[in-house]
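Enquirer: Position chain B against the provided structure of chain A, taking the given hints into account.
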Amino acid sequence: GAVVSQHPSRVICKSGTSVKIECRSLDFQATTMFWYRQFPKQSLMLMATSNEGSKATYEQGVEKDKFLINHASLTLSTLTVTSAHPEDSSFYICSAREVGGEQFFGPGTRLTVL
Amino acid sequence: LAKTTQPISMDSYEGQEVNITCSHNNIATNDYITWYQQFPSQGPRFIIQGYKTKVTNEVASLFIPADRKSSTLSLPRVSLSDTAVYYCLVRFGNAGNMLTFGGGTRLMVKP
Chain A
1 GAVVSQHPSR VICKSGTSVK IECRSLDFQA TTMFWYRQFP KQSLMLMATS
51 NEGSKATYEQ GVEKDKFLIN HASLTLSTLT VTSAHPEDSS FYICSAREVG
101 GEQFFGPGTR LTVL
Chain B
1 LAKTTQPISM DSYEGQEVNI TCSHNNIATN DYITWYQQFP SQGPRFIIQG
51 YKTKVTNEVA SLFIPADRKS STLSLPRVSL SDTAVYYCLV RFGNAGNMLT
101 FGGGTRLMVK P
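Residue numbers (the working numbering), protein chains in the order written: chain A, 1 to 114; chain B, 1 to 111.
Isolated chain A (complex conformation) (with noise of 0.2 Å):
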């Protein structure tokens, strides 16, 4: 299947500093990409969709001034963790998709925030 995947896989980072955790589709074009976030022994949760070229619509509770989501081309999508908090901490999995084709996962984040 198609490949997705995600820079860094783990990060550690101080209370208050951003965080950018990099996504791409490596062959083929996604136009849309989603964002996931999980917590320990809990399931994935939506975090935003994106679309190439627009911005990115976010679910109910994630706040999208602290994470920024970007996706300026059809293979790359960015997500910015911003001030990050220990709170924050978890794995980060990125999924992409191209029209009418299969979703794939990428390999996910892990973002320790001390």
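Treat the hints as calculated values from the structure; they're not laboratory data.
Treat each hint with caution, since some may be false.
Covered by chain B, according to a simulated footprint, are these stretches of chain A (three or more residues, beta-carbon under 8 Å) [what the hints assert, rightly or not]:
(1) 33-45
(2) 102-109
Far from chain A by the CB rule (all over 12 Å, computed), these chain B residues [what the hints assert, rightly or not]:
(3) Met10
(4) Gly15
(5) Glu17
(6) Thr29
(7) Thr100
(8) Pro111
Values in this document were obtained by computation on a predicted structure and should not be read as measured data.
All C-beta atoms in this analysis are idealised placements derived from N, C-alpha and C, irrespective of residue type, glycine included.
Expert: For chain B alone, kept in the frame of chain A given last:
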């Protein structure tokens, strides 16, 4: 979107067949049923998808009764490496967005 309900956990032994049932009582006419597998600290991986009756691939089989209010993922002859969390999702159409993950079923395969 239809809500899904699965057992929280299941135990099995190597070589056994494992059946995980998911209920989706309010599934809509255009909804498809999709199953994903997730290992710790990894993204979900597609296993199988179906609309009705039975679907089989090299990894698993999916059984869907006529009323489509439930589905059963069947894993033949599981091995230790099949220990993972399995998610049942309902999506609109055969290529709808994966918006809602339920709780999943944590399968533990023992030697």
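Enquirer: Hint by hint, say whether it matches the structure.
Expert: Evaluated hints:
1. Judged by the Cβ-Cβ criterion of 8 Å, the stretch 33-45 of chain A is covered by chain B as claimed, because 5 of its residues qualify and three suffice.
2. Coverage of the stretch 102-109 of chain A by chain B holds in this model, with 7 residues showing a Cβ closer than 8 Å to a Cβ of that chain against a need of three.
3. Separation of Met10(B) from chain A is adequate, the least Cβ-Cβ distance of about 16 Å exceeding the 12 Å criterion.
4. Its beta-carbon lying about 28 Å from the closest one in chain A, Gly15(B) satisfies the requirement of being farther than 12 Å from that chain.
5. Interface exclusion of Glu17(B) from chain A stands, the closest Cβ pair being 25 Å apart, more than 12 Å.
6. Separation of Thr29(B) from chain A is adequate, the least Cβ-Cβ distance of about 19 Å exceeding the 12 Å criterion.
7. Taking the minimum C-beta to C-beta distance to chain A, about 7 Å, the non-interface status of Thr100(B) is violated against the 12 Å cut.
8. Every CB of chain A lies more than 12 Å from the CB of Pro111(B), the least distance being 24 Å, so the non-interface label holds.
When each numbered hint is compared with the structure, a violation occurs for hint 7 only.
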